[in-house]
Amino acid sequence: MLTCRRARVFVEYHRSVVTLLAWQWRAIVVYGGMALLMVVVHRVGAQQWFAVPALPLTVMGAAIGIFVSFRTNSCYDRWWEGRRLWGQLVNTSRHFASQALGYVDGSSAAAQAIQHDLVRRHIAYVHALRCALREQPAALDPELARHLDPAERAALDDEPNAGHALLHQQVLAIAELG
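Using my numbering, the first residue of the sequence shown is number 90, and each one after it goes up by one.
These aren't lab readings, by the way, just hints derived from the structure by calculation. Just so you know, not all the hints are guaranteed correct.
[Said to hold, decoys possible] Ranges between beta-carbon positions, derived for each pair:
#: 1; residue 1: 265; residue 2: 160; range: 33 to 41 Å
#: 2; residue 1: 265; residue 2: 223; range: 30 to 38 Å
#: 3; residue 1: 201; residue 2: 108; range: 16 to 24 Å
#: 4; residue 1: 221; residue 2: 166; range: 20 to 28 Å
#: 5; residue 1: 247; residue 2: 200; range: 28 to 36 Å
#: 6; residue 1: 229; residue 2: 200; range: 27 to 35 Å
#: 7; residue 1: 178; residue 2: 155; range: 29 to 37 Å
Note that CB positions come from ideal geometry on N, CA and C, so glycine has one too.
Construct the complete structure from the given sequences, taking the supplied hints into account.
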């Protein structure tokens, strides 16, 4: 859990190198000081009391390399699964929009408004899901607000889960059609 929080913090501070350095100045000073100490000890020649055999360092380095490799593969697999699921959501959304336009008779202005509302609300649902996955408040998202009328937008302010509320509105709208 701690690594996820740190990763999120790093993503929030990725704006510039100066910002990142200002954020990590303590770690930079500590590790820089340790590296400087090692160089001074090595150059002065006081290596006799500081001798470390190469074998344990090699074994530890290999173990750390394998561990980091597995972590990288695991992260890539999670990223790829998320990408695959998001692509599936995009395809399903296109299919839903096609069905909404095809199955709801659009000959009257009222029916066209229903079609438009179903598609627009589904687009808002996808934006609400994006906000939930990024742990951002959906009520403040401009893309979400752009696809909802003011009444639906105001109704989402009191909801703890905007995506679920939008799906519930979709169910009610589709039930009215039948």
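Hints versus structure:
no., hint, verdict
1, 265 / 160: 33 to 41 Å, "50 Å, violated"
2, 265 / 223: 30 to 38 Å, "32 Å, holds"
3, 201 / 108: 16 to 24 Å, "49 Å, violated"
4, 221 / 166: 20 to 28 Å, "22 Å, holds"
5, 247 / 200: 28 to 36 Å, "30 Å, holds"
6, 229 / 200: 27 to 35 Å, "33 Å, holds"
7, 178 / 155: 29 to 37 Å, "35 Å, holds"
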